[in-house]
Structure formats: C-alpha cells, structure tokens
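Engineer: The primary structure of each chain is shown beneath.
Number of protein chains: 2
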Amino acid sequence: MRRPTIGVFDSGFGGLTVLKALLEILPAADYLYFGDTARLPYGSKSAETVARYAVEAARFLEDQGAQILVIACNTATALALERIVLAAHVPVIGVVEPGAEATALASANKKAVVVGTEATVASHAYYKALLSRGVTTHEKACPLLVPLVEEGWIEHPVTEQVARIYLGEAFSDGFEDADVLLLGCTHYPLLKPLFQKTAPAHVKIVDSAESTAHMVAAAFENYKSEPMTESLAERRGQPRFKFFATDSVEKFKKLGPRFLGHPIPDVQHVDLKE
Amino acid sequence: MRRPTIGVFDSGFGGLTVLKALLEILPAADYLYFGDTARLPYGSKSAETVARYAVEAARFLEDQGAQILVIACNTATALALERIVLAAHVPVIGVVEPGAEATALASANKKAVVVGTEATVASHAYYKALLSRGVTTHEKACPLLVPLVEEGWIEHPVTEQVARIYLGEAFSDGFEDADVLLLGCTHYPLLKPLFQKTAPAHVKIVDSAESTAHMVAAAFENYKSEPMTESLAERRGQPRFKFFATDSVEKFKKLGPRFLGHPIPDVQHVDLKE
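First to last, the protein sequences are chains A and B. According to this note's numbering, the first sequence holds residues 1 to 274 in order. According to this note's numbering, the second sequence holds residues 1 to 274 in order.
Label pairs and their computed distance ranges (CB to CB):
no., chain 1, residue 1, chain 2, residue 2, range
1, B, H156, A, K110, 31 to 39 Å
2, B, Q196, A, H156, 23 to 31 Å
3, B, P91, A, K253, 37 to 45 Å
As a list, the in silico DSS-like pairs of lysine-lysine whose alpha-carbon atoms are at most 27 Å apart:
no., chain 1, residue 1, chain 2, residue 2
4, A, K251, B, K128
5, B, K140, A, K254
6, B, K111, B, K204
7, A, K140, B, K254
8, A, K128, A, K192
These are computed hints drawn from the structure, not numbers from a lab. Ideal Cβ placement from N, Cα and C applies to all residues, glycine included.
With the sequences and hints as input, model every part of the structure.
Structural biologist: Right, here's the structure in full:
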C-alpha cells in the first residue's frame, strides 16, 4: 500500500496539535495542512459562515490529493461536519466524535465537563455526542483561552486565574463531581499542565486532538499492519508536509511551531476568494 | 443643506464607539454602519488581506449612499487607508490622523504611548503620524484587550491585571515620562476608567474615537453653522441608522449596544463574497 495522503484542516494554528498527535502515530505519511488564517477565528462566527468556509477548505485539500480529511477544528466540526461530508468525495473525520468516545470511556460516573469556544459550546455538538453515550455534560465557553495561548501566556499567572474562573463555573451546578474534563478546542492541549493544576484533583483530562489522531490511524489500520520490514520502512520514510495558509505565511511560520512542536520551513499562501 | 449620510466602517463592533461619539456631535444625520463581523478581527491579519476587505466594505457603503466614509477601525486605517482613498469617490476619514493630532496637542513633553492591536502597532502608522508632529512614541500591542472587552470583563480584576502588565511594559525604556496614552483601538474607550486607574497618574488619555468624530463634524461645518431655527431642527430631526453585518445579526444586536450605548433594533445581513 502506498503512503497515505492526509488532509488536515483548521481555521488557523490550533489544528497543528492534531497534526502533532498524528505524526506520533502515523509518521510515514504525506500531510497537507490547511489553515484558514485570513478568516480565523471561527469560534465567534455563525454556523452559516463557518460551513461555507469549511466546505471551501475541504474542496481545496481534496484538489491537492487528500485521501482523507481531518477536520481538526472543533468549531468547524461542531457546526459544519455534515455539510463537509456531503461535499467531500473522501472520508471525513471530525474531532467531536473521537473526543466524545474517549470521554465516555474515561468517565466512571458518566458526568463530564467540556470546555471550548463560544460557537462549539453553542452548537451543543459535544453535549449531544456524549448524551448518546450515556454521559451528561456541562459545557463551558472559554473565549479568552485562545487569545491567551496566542499571546504566548501558556504558564502565566493571568492564564491560571482565567482558567480557575472558567473551571470554577464549569464544575458547578451539580457538576462538582464530573470526573472528565474534555478539551474541546485544539488550542487547549498547550494548556494541559495548567488545566491539570486548576481542575479538581479527581478529574481526568481528555484531549480531542489525541483521540482524533487515534481514529485516523484506525482508518489506515491495513497500512499500519503490513509487516514493517526494513526496506518497507525505508521506502515509506519520514513524514512529508505541505502547509497552506490564507493569511500571512510569515506569521504561520512564526506561530505554528508552538503548536506543532517543530519548525515549519515552508508555507504556501492560498487565496480562497476566487 | 440636506441631512448628511455618513458611512461608518469597522471590522466589527468597535467602530460603534466612533458612531457613539459622532451622534453626540452630529445627531441630525443618516448613519450607515457596516461591521465586517464574518471576517473579524482584522487586528491579527496581514496588510494585503485587510486592504482587500476594507475596499470591499468602502464600496458597499458608497453604493448605499454614503457621502463620506469614516474608517472607524484602527487596523484598516493603519494598513489600508491609502487604498481606500484611491478606491473611493467620496471623502474618507480614518482614525489615525485625528488621534495623532489630538495627542500632539495634548502632549507637553512630546512623548506618547500608543496602545492597539498587533497589526496597528506593526504598521507603525501612529508612530509615523506622531513623528511628523514632533512627538516620539512607544507603541504597545495589547492583543488580549479586545477579547476581554468582548467577554464583558470591562471592570474585572483580570482585565486590570492585564492592563497593568501591558502599561508597565509600555511606559518603560525611556517612556516612563510619556504624558499621553493614545487609545489606538476602538474597543478601548470601554476600558477608559480602567486605563485611568492603571496608567501613571500624570498621563492624559486621548481617545481616537472622539478625535475622529470631531474631524468628521468639521467636514460638515457649513451644515452645522446654519442657524438652527426650530423648523430646521424639526426638519432635520433625530439620527437615522442602518446597520449592516457580514455575520450573525443576532450577535450584532446583542453585543453592539455595549459599544453604542443604546439598543440596535435592526441589522441587515450582507454577504460580500459575491
């Protein structure tokens, strides 16, 4: 089987945390990453607008040769997954179902808290996905966390104070004993140490990015299960990347590595307007 | 002279602080307000992208009958004013020149601090406009303040802490004795009480929104200087508004009044893609 070509789509940089998780599981693949940075953030936009943008991005990645599309954006998944699936000609995996599945498995008392952007929370996508798995959920919008991560205040006292306020409100109203905190935004894995510090001690943290990477890997199970001889490993080789952004490529090269965990040498500018 | 029709453009809601200032000086006018909410924030986007968006918005307002265009967005003014002026067929007033002019008048020791978004600061538009007036400027990007205002944390301890950190960095490196703080973002007038509290005691605060409203009013000096008889006042009457937004009108109706200071009964959705 040939190396798979995996298209990863996000409104900006956050989806790079999903790409990072994918690289750990499926290193020998071609990755196309599309960040719609000219139109981010999606988190405060309406369903109609997000769906239109997301379908355009999905078409672009398919045109570039993606054999599978990973919607590495909670807002786009929550608001537009169905429309992307309808518009696409290849399999589409969003971040909500994998995150919900991992949460249902991790929760002993079937009570969870989900944190995410305004739009993700307003869509109740996680609430519904978890309810169908027997888990009741308290959803909490945390609109300040993305700007704090992008400011680089990852382990900053202000960010800790903001997280404490948000989590204090989230683990309340009968959800004091919720035992899972689901990170429903791809920026939040960077704040994992801070969430561990500020969430109640009994809480397990589930990261949608990781759960999604595992589901994508499962789609390539046959590929992975081929016996990995030395010559096969050599033929497959290292991951290859193409990065596309709708806004400044300089900014992408500067901010992206914070999420991906290694340098991004080259980014192509794309204009989806035409 | 007939009632003037004034087009006000911003990436979102912030420009409503400029409209608010205009209403106090020129109440008897027709106002067209365009908020490009589907593509906000402009503050983190490149000059190319911002210019393209701003020119589209300017054309829309002209088509709607605007006799003058107010670019009530610091980022759009800083990055795209020249291109908007070239594309427009009516006078265009941005927020940078009025803000710089008021700052130069207010500063005794010709040293000022400007706070704004990343893109406004990176453009150095205020720096240049103030330098040509003999004022040296320390520019400080404050990317967390817009999200804090939009979260509604106007007089919140977290916002105060963030303002203290930003202003501490701004009034440093030889700018400890700067005597004017120029609010170079239309969201910031809502934080004026907090800036007053956190800026050094000797500092005067200049608000670009107010300065811009005065410059627009000056363009209609003839109109204003007609003797205001009772029948003229009646004929001219109250302000009339049309609000346009590229994203959710519901969100605009909900958030807008926080900036404008009174309710927004009706907003028309506009799609600039076509």
